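Full structure from sequences and hints, please.
The chain contents come next:
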Amino acid sequence: MKEEIIIAGFGGQGVLSMGKILAYAALMEGKEVSWMPSYGPEQRGGTANVTVIVSDEKISSPILSTFDTAVILNQPSLEKFESKIKPGGTLIYDGYGISNPPTRKDLNIYRIDAMDAAAELKNVKGFNMIVLGGLLKVRPLVKTENILQALRKTLPERHHNLIPMNEEALQKGMEIITKE
Amino acid sequence: MGKIKGAIIVDRERCKGCNLCVVACPLDLLTLTPKAVNQKGYHYAEQNNEDLCNGCTSCAIVCPDGCITVYRKKED
Amino acid sequence: MTKEEIIQPENLVYKKPTLMNDNPMHYCPGCSHGVVHKLVAEVIEEMNMEEKTIAISPVGCAVFAYNYLDVDWIEAAHGRAPALASAIKRLWPDRLVFTYQGDGDLACIGTAETIQALNRGEHIAIIFINNAIYGMTGGQMSPTTLMGMKTATCPYGRQADLHGLPLRITDIAASLDGTQYVTRQSVHTVAAIRRAKKAIRKAFENSMNGKGSSLVEIVSTCNAGWKMSPEKANQWMEENMFKQYPLGDLKDTSNE
Amino acid sequence: MAKEEILLMKGNEAIAHAAIRCGCDGYFGYPITPQSEVLETLALEKPWETTGMVVLQAESEVASINMIYGAGSAGKRAMTSSSSPGVALMQEGIAYMAGAEIPGLIVNVQRGGPGLGTIQPSQSDYFQATRGGGNGDYNVIVLAPASVQEMADFVDVAFELSFKYRNPAMILSDGIIGQMMEKVILPPFKPRRTEDEVVRECPWAATGRRKDRKPNIITSLDLDSANMERTNLHLQEKYAEIREKEVRYETVMCEDAEYLMVAFGSAARIAQKALEICRAEGIKVGLLRPITLWPFPTKQIAEMGKRVKGILSVEINAGQMIDDIRLATLGSTPVEHYGRMGGMVPSPEEIVAALKEKIINQK
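Chains as they are written, first to last, in our numbering: chain A, 1 to 180; chain B, 1 to 76; chain C, 1 to 256; chain D, 1 to 363.
I should point out that these hints are in silico values taken from the structure, not numbers from a laboratory.
These numbers come from a predicted model, not from an experiment.
Possibly wrong hints are sitting among the right ones.
[To be verified] Quick partial rundown of chain B residues pointing at chain C, CB under 10 Å, derived from the structure:
1) 6
2) 59
3) 76
[What the hints assert, rightly or not] Listed next, the stretches of chain C that the computed footprint assigns to chain B, with coverage defined by at least 3 CB atoms under 8 Å from CB atoms of chain B:
4) 1–12
5) 227–241
Heads up, the beta-carbon is just placed ideally off N, CA and C, and yes, glycines get one too.
What follows is the structure, encoded as structure tokens:
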């Protein structure tokens, strides 16, 4: 298998770390992975995206122009990446702040109202884990337990108490994602 | 108490004739050679009176090229 | 008592230090560099650091210092000696590491490296020969050139509006928290030379005792660049240089 | 850390971890995007508490390279890293190191230029890296990693070559390899050399003059032109030996190739994807990836030039390596270039299109 994914949104939404946790979990399952961020001068705000490739075989280019799956978290990113999803591919978007929803008919389109759910859970920082839960529900690339394992590996020890909250967020995402 | 006598050796070939030792000698015992020059063409320093030197080392200390060696002995 | 009787090994009271070899120095007659070279060599010998010294030479007249003192030397790029010294001392903490730099090298092109190394409190000593002129390139204006002083690039004399003002970088060094010992000396008289030697010794000892950075400025002559005899140059230095660059310790916290 | 642990990290982080593990004595650097993670990772890892490696944030790239020059002159394994504008500042120091025959490692995580340019990836420092970069007739050994694993592996390779030949070595990377995360297995720990080992292995170094030898003098200066020419002849002999012995490259599907792409570093990764697309279409394309950019795999490319119908040089620049390919092939086959500039990165599809337009569909 090989899955080429773009995750795109505003800086500060946890786009890069979501991709990293996904990549780390895949790595622990023995997969080849690459994680290629857009990087810019902004520490917060601005747009951020990351290309994550998960594959059984060695990965050639970490830079892609088309994707199997796109996770879109704001309007500019939808405009930028909708056309770059391969026919038959997957588009997941958060409805919050999307004024012009996707229009392509040749994709599997899912909506996840993660921003609302995060507010509801009183866990704004769990936003990206909700999205990741949704992604894994429709594209089961790695086991949930390995995501938690990856969190343990990547989070500093002092933040390990946040893992149950993240697990809850993952579950929430799996529950609320809906096909359009 | 015995009198202190000094003596110096000037490395003529290293000497560049800068005259600083001449100025530094408290007893005015040094001069640059009026005519003779070393292989580099410098008028080198020499003592004009060997008997009066007390080996104070002033000339050697100020010499930038380290050309002067000083000896000192107390007269018995 | 004959001269031959006096000139006996047991009567030896002064000779040039062993570390200073017999290579003829390229410095002009009467140049202050030679005296400071001797002092540096004497101090290294007195501290028994001959085998543990790593010296950094600059670009400028002292570029060839490595030809005259028999220790290990590294010839730095122009102005960068304190950067080299910083790295070397951190990697060889038990070595005596010092730089030997002129005013063009230290106070102009290498100002950043000088200030930063001193303020990091690197355990190094910097010997700074300030003769207010670029000697090796033929007598051009340097940052420390005095007001009104004529050089090849300010032939009508240094003027504030045209050339800016003389830089007292040693005063800046004294204001830095990283420095322990900052002093300004000269080598134009026997007494001054003795004091300068003590200063160099203190700077070197500080560096070996982990006591931050030390800067020893030697206000010097460049009689060729100044177009004077060595003797006249010393006199001119006393009358003019010492006004702008007064001698003495600017800072000494090495005993605190 | 367990042996052979598979980790996920950025290329820049891998450089830092590899440095700690391969007996590096000192790192001296200055922040610049997109390589700042090297110094940040070292600061976080605190190797001075474990291996004794010195880590210093210098006041500038100029100071950094001169710290490397000093450290290398004193026999120590020292490195710096920067990105294009910073490496431009370092050229004076690198020339001094080459002239005085001082080992040391410079990592360039390239970004687009000229001038301050952009912080996005580029390979436009190829000429600067492979032609010397500073003043005088000299060369720097240049390794071009194409993966995070190679970022880690080449640190030791570069140090070894650098000390073997007493010549500065460079890892020429870019913002892609520096910023991307991939799996990596860090090299095994190698202790820093002891004082005795340094003195024995670097008898030329300024480490303090022992009584049994003459002073060691490290300099690139000699006002006697005859001597200076001798020094240069010696350097050229050394460079000839390096050209003879140290060429490294990798080939992908070159055996039956009718067309060849030549690409290094990140561009080679993208070109490999282009190769996969071409092969799926039945186009027989091969890829030759120079791993050492200097010495350049001239002979190997000359050989390939005689067998293929055309060569596309894929570079993230305006066309620099293409000169070396043309010098290697001497007109035996058409050689064209495709690249993007200013921080733009070519996509695999663009490369396929360029290959067809510039090489395959040419009569």
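Proximity test - 8 Å, beta-carbon atoms, the stretch 227–241 of chain C to chain B, at least three hits: holds (count 4)
Hinted contact residue 6 of chain B with chain C - closest CB pair below 10 Å: Status holds, d = 7 Å.
Residue 76 of chain B as an interface hint toward chain C, with CB separation required under 10 Å: Given a least distance of 8 Å, the restraint on residue 76 of chain B holds.
Agreement of hint residue 59 of chain B with chain C interface, Cβ distance less than 10 Å: This hint holds: residue 59 of chain B lies near chain C, its Cβ roughly 9 Å from the closest one there, short of 10 Å.
Coverage assertion for the stretch 1–12 of chain C with respect to chain B, Cβ distance below 8 Å, three residues required: Result for this restraint: holds, n = 8.
Hint check: no violations occur; every hint is consistent with the structure.
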